[in-house]
Amino acid sequence: MINVEPVAVPGAPLARRNPVAKLAAALVFSFILIATLDPVAPAIAIAVELAVLPLFGVRYGVLARRAWPLLASAGGILVTLVLFAADRSGPVLVEAGPVLVTQGVLVTALGLVLRMLAVALPGIIVFATTDATDLADALIQNAKAPARFAIGALAAFRLVPLLEQEWRMISMARRARGVDAGRNPVARLRLFVSTAFALLVGAIRRGTRLAVAMDARGFDAGTPRTVARRQRFTAADGLLILGATALAGAALAVSVVLGTFRPLIG
Amino acid sequence: MVSAVGVRGFGWRHAGRKAWAVRGVDLRIDRGERVLLLGPSGAGKSTLLAALAGLLPEDSGEQEGTVEIDGLDPRKARERVGVVFQDPETQLVMARAGDDVAFGLENRGVPAEEIWPRVDEALRRVGFPYGRDRPTAALSGGEQQRLALAGALALRPGLLLLDEPTANLDPAGATLVRRAVADALDADTTLILVEHRVAEALPLVDRVVVLEPGGGVRADGSPEAVFAAHGEALAAAGVWVPGHTVPPRHATAPPGEALLAADRLGLPPRLAPTDLQVRAGEALAVLGPNGAGKSTLALLLGGLLRPGIGAATATAALAGRDARTPPHRWRAPALARRIGSVFQDPEHQFVTGTVRDELALGPRRTGQDEAAVRATVDGLLDRLGLARLAGANPYTLSGGEARRLSVATALATAPRLIICDEPTFGQDRRTWRELVDLFAELRDAGHGVVTVTHDPDFVAALADRTVTLERA
Chain A
1 MINVEPVAVP GAPLARRNPV AKLAAALVFS FILIATLDPV APAIAIAVEL
51 AVLPLFGVRY GVLARRAWPL LASAGGILVT LVLFAADRSG PVLVEAGPVL
101 VTQGVLVTAL GLVLRMLAVA LPGIIVFATT DATDLADALI QNAKAPARFA
151 IGALAAFRLV PLLEQEWRMI SMARRARGVD AGRNPVARLR LFVSTAFALL
201 VGAIRRGTRL AVAMDARGFD AGTPRTVARR QRFTAADGLL ILGATALAGA
251 ALAVSVVLGT FRPLIG
Chain B
1 MVSAVGVRGF GWRHAGRKAW AVRGVDLRID RGERVLLLGP SGAGKSTLLA
51 ALAGLLPEDS GEQEGTVEID GLDPRKARER VGVVFQDPET QLVMARAGDD
101 VAFGLENRGV PAEEIWPRVD EALRRVGFPY GRDRPTAALS GGEQQRLALA
151 GALALRPGLL LLDEPTANLD PAGATLVRRA VADALDADTT LILVEHRVAE
201 ALPLVDRVVV LEPGGGVRAD GSPEAVFAAH GEALAAAGVW VPGHTVPPRH
251 ATAPPGEALL AADRLGLPPR LAPTDLQVRA GEALAVLGPN GAGKSTLALL
301 LGGLLRPGIG AATATAALAG RDARTPPHRW RAPALARRIG SVFQDPEHQF
351 VTGTVRDELA LGPRRTGQDE AAVRATVDGL LDRLGLARLA GANPYTLSGG
401 EARRLSVATA LATAPRLIIC DEPTFGQDRR TWRELVDLFA ELRDAGHGVV
451 TVTHDPDFVA ALADRTVTLE RA
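Protein sequence lines, in the order shown, are assigned to chains A and B.
Per the numbering used here, the very first residue in the first sequence carries number 1; after that it's consecutive.
Per the numbering used here, the very first residue in the second sequence carries number 1; after that it's consecutive.
Since the hints were derived computationally from the structure, they do not count as laboratory data.
Yeah, the Cβ is synthetic: ideal placement off N, Cα and C, and Gly gets one too.
Do not rely on the hints blindly, as some may be mistaken.
Claimed, not checked - Rough simulated footprint, nothing fancy, chain B against chain A, three-plus residues with beta-carbon under 8 angstroms:
1. 35-49
2. 112-123
As the list claims (entries may be wrong) - Which residues of chain A face chain B? A few of them, derived with a C-beta cut under 8 angstroms, are:
3. 60
4. 64
5. 67
6. 132
7. 143
8. 144
9. 169
10. 172
11. 177
12. 199
13. 214
14. 217
15. 223
16. 225
To be verified - Which chain B residues stay away from chain A? Per the calculated CB distances, all over 10 angstroms, these:
17. 112
18. 170
19. 246
20. 291
21. 331
22. 365
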């Protein structure tokens with residue numbers, strides 16, 4: 001199954017915050033960290049992110065499972081950069097045949113990978129702790145997003161888990177028709193493309209039917225909507241955004257004080 | 001407020017189509033009437049319903065005559081009309097049951113403090129067995145349809161339109177939905193119901209209107225009067241008229257050689273280990289409640305899924321020397337020559353852009369030359385009444401046509417064994433009879449026929465032997 005359900009332990013203090021506040025806090029936190037190229041600020045940021053994780057009610061093992069594609073690609077990038085980057089400055093750390101690892105290359109590569117993790121983790125934490133319905137409600141009520149967009153996206157999102165099942169059915173139906181690719185890579189690619197196309201056609205048809213059903217229940221008919229589930233934006237939500245700003249700023253400040261700060265621009 | 005309907009000389013032609021979807025309909029439905037709308041496939045029932053629901057945008061086709069709800073254009077009277085469609089999956093919007101019922105109330109601008117009491121009342125009226133927080137994805141088809149009905153009723157419509165709300169459900173789910181409709185309706189609602197299965201729908205209605213394909217209303221009156229005067233003709237035209245049974249077509253010869261054997265075949269947790277044998281010249285029906293793994297068994301027997309435990313073994317009669325390898329490891333062309341699988345949703349099976357190419361695909365993949373392919377395709381087009389649709393896109397076919405095409409594609413490679421998953425789901429009586437006749441002919445010609453089905457009439461008409469699965 002494609003997993004889109006939130007995983008937070010219910011009642012965790014920060015997981016319960018307004019979804020728009022969580023989203024804003026994550027965006028601010030990530031955005032500030034993009035400003036520097038050094039490894040120190042993102043390392044501090046990751047430490048902060050991991051430290052607040054229990055407040056969001058997410059277990060470390062659960063986060064690791066959610067974030068494994070990110071971790072795998074970070075590892076891949078680290079190895080690739082260390083082995084192949086043109087920059088070979090600084091003292092030599094390892095020299096084994098053609099492999100030459102210097103301090104300069106290691107610092108640059110680590111900086112990049114740590115930034116990637118530090119910037120991506122807040123988003124992962126927010127989506128792991130936020131129910132999609134709550135997010136759509138909060139976007140409409142607290143961020144003044146159009147209901148047409150937020151509810152439409154929410155309804156489409158609900159159909160996502162069906163796609164995987166649909167893919168399996170289409171693949172089996174093709175095999176039953178005598179269509180398979182065997183070991184031929186070109187045939188495999190063609191079969192993949194044609195299965196994806198069939199999936200898309202089915203998704204559009206289903207989406208159209210859903211849109212008609214939503215129409216029939218008066219969606220987007222021009223009547224001002226009321227809300228059944230009230231989302232409140234409280235002082236605590238404002239504090240969450242402020243806190244995220246302060247912590248990211250502090251990480252940058254430490255980096256400046258230690259003299260490792262390397263601005264992205266300039 | 002209860003609504004009245006006036007239809008005068010109504011016709012609708014979808015943009016880009018030559019034929020009118022519906023034409024020349026005159027109809028007056030008074031407040032509080034309960035009408036069953038009948039007609040063979042293609043008579044325009046769904047189009048008429050869409051027009052009444054105000055769901056035909058003016059720029060999407062050409063209109064003749066008028067349709068009015070309480071004297072208003074239906075597009076301006078949407079607030080008075082509630083609709084429940086056929087497909088449960090695509091009419092639920094929200095992730096939680098209560099939120100879904102609330103969705104329509106929010107759209108209509110119902111004050112927030114009134115929403116939840118009305119949600120609870122609607123859920124109670126349809127006998128919804130769970131709380132508001134129940135995830136909609138965890139509901140069975142019958143439960144989803146009851147929830148969709150609650151979503152429509154919460155808006156207190158003066159006119160309720162039900163477009164084959166039970167066609168995609170198993171018998172138990174369909175019964176629950178009909179009971180919910182019967183219990184939930186009050187004197188404040190006019191009802192128009194489209195339903196193939198007339199006998200089951202009759203307790204809900206007091207008037208029957210039959211649309212004529214090609215235009216107009218063929219019959220209109222009390223159920224007794226309409227069926228007494230037109231029962232025979234309606235049954236022939238594809239309507240399920242009560243009391244018009246179909247003569248059974250059982251095998252006249254004893255079954256032939258074994259084709260495929262399941263030996264403790266299973267896939268936990270979807271299917272418990274199952275033993276059965278499939279024989280040539282025999283129609284085998286696989287029965288059992290939802291969740292017993294009938295569809296999984298069909299996929300395993302069809303060589304489309306790898307068994308979790310046990311084995312499906314083909315005999316030499318079916319597979320020659322390949323009988324030593326299990327069907328799920330055969331290459332696809334070899335599989336298609338021996339076992340034809342027909343899926344529950346015909347659209348899953350369509351690969352090409354025209355009906356003709358669709359039929360030619362299998363024979364080409366299994367290496368027939370072009371002359372042989374053409375002969376096979378023409379033969380099947382004829383036999384299944386698809387000749388005039390040869391150039392049409394498979395996705396534009398009606399339900400009955402799509403079903404016939406999906407069966408025809410499986411037959412195109414002349415497999416000895418045919419496996420069908422719910423072939424009669426949602427079909428009108430004519431397509432249903434054609435399927436019975438077709439499978440009977442195949443069986444009598446020495447093919448093995450396996451059908452997974454919930455349809456007791458189909459079992460009674462065709463099956464020579466039944467296997468009933470228990471819930472895994």
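Here is how each hint holds up against the structure:
Interface restraint, the region 35-49 of chain A with chain B: violated (0 residues with C-beta to C-beta distance below 8 angstroms; minimum three). Here's how the region 112-123 of chain A fares: 0 of its residues keep a CB closer than 8 angstroms to some CB of chain B, so the rule of at least three is not met and the hint is violated. For residue 60 of chain A, the shortest C-beta to C-beta distance to chain B is roughly 27 angstroms, which exceeds 8 angstroms, and the interface hint is violated. At its closest, the beta carbon of residue 64 of chain A sits 26 angstroms from a beta carbon of chain B; the interface hint therefore is violated under the 8 angstroms criterion.
Taken as an interface hint, residue 67 of chain A does not check out: its beta carbon lies about 24 angstroms from the nearest beta carbon of chain B, beyond 8 angstroms. Contact between residue 132 of chain A and chain B, as hinted, is supported at the beta carbon level, the nearest pair being about 7 angstroms apart and thus within 8 angstroms. With a least beta-carbon distance of about 18 angstroms to chain B, the hint placing residue 143 of chain A at the interface is violated under the 8 angstroms criterion. Taking 8 angstroms as the C-beta contact cut-off toward chain B, the hint placing residue 144 of chain A at the interface is violated, the least distance being around 16 angstroms.
Below 8 angstroms, beta-carbon pairs count as interface contacts, and residue 169 of chain A has one with chain B at about 5 angstroms; its hint therefore holds. At a threshold of 8 angstroms, the smallest CB-CB gap from residue 172 of chain A to chain B is about 4 angstroms, leaving the interface hint in force. The interface hint given for residue 177 of chain A holds, since its Cβ lies 6 angstroms from the closest Cβ of chain B, which is under the 8 angstroms cut-off. With 8 angstroms as the threshold, the beta carbon of residue 199 of chain A stays out of range of chain B, its nearest partner Cβ sitting at about 10 angstroms, so the hint is violated.
Against a cut-off of 8 angstroms between C-beta atoms, the interface hint on residue 214 of chain A holds, since the closest Cβ of chain B lies about 6 angstroms away. With 8 angstroms as the threshold, the beta carbon of residue 217 of chain A comes within range of chain B, its nearest partner Cβ sitting at about 4 angstroms, so the hint holds. Because the smallest distance between the Cβ of residue 223 of chain A and any Cβ of chain B comes to about 5 angstroms, under 8 angstroms, the interface hint for this residue holds. At its closest, the beta carbon of residue 225 of chain A sits 5 angstroms from a beta carbon of chain B; the interface hint therefore holds under the 8 angstroms criterion.
At roughly 5 angstroms, the least C-beta separation between residue 112 of chain B and chain A is not larger than 10 angstroms, which violates its mark as non-interface. Residue placement check: residue 170 of chain B keeps its beta carbon more than 10 angstroms from all beta carbons of chain A (closest about 18 angstroms). Remark: the non-interface label on residue 246 of chain B is consistent with the geometry, its nearest Cβ contact in chain A lying 29 angstroms away (cut-off 10 angstroms). Here residue 291 of chain B stays apart from chain A, with its beta-carbon at least about 15 angstroms from theirs, past the 10 angstroms limit.
At roughly 6 angstroms, the least C-beta separation between residue 331 of chain B and chain A is not larger than 10 angstroms, which violates its mark as non-interface. Not every beta carbon of chain A lies more than 10 angstroms from that of residue 365 of chain B, the smallest distance being close to 4 angstroms; the non-interface claim is violated.
Violated hints for the displayed structure, listed by number in ascending order: 1, 2, 3, 4, 5, 7, 8, 12, 17, 21, 22.
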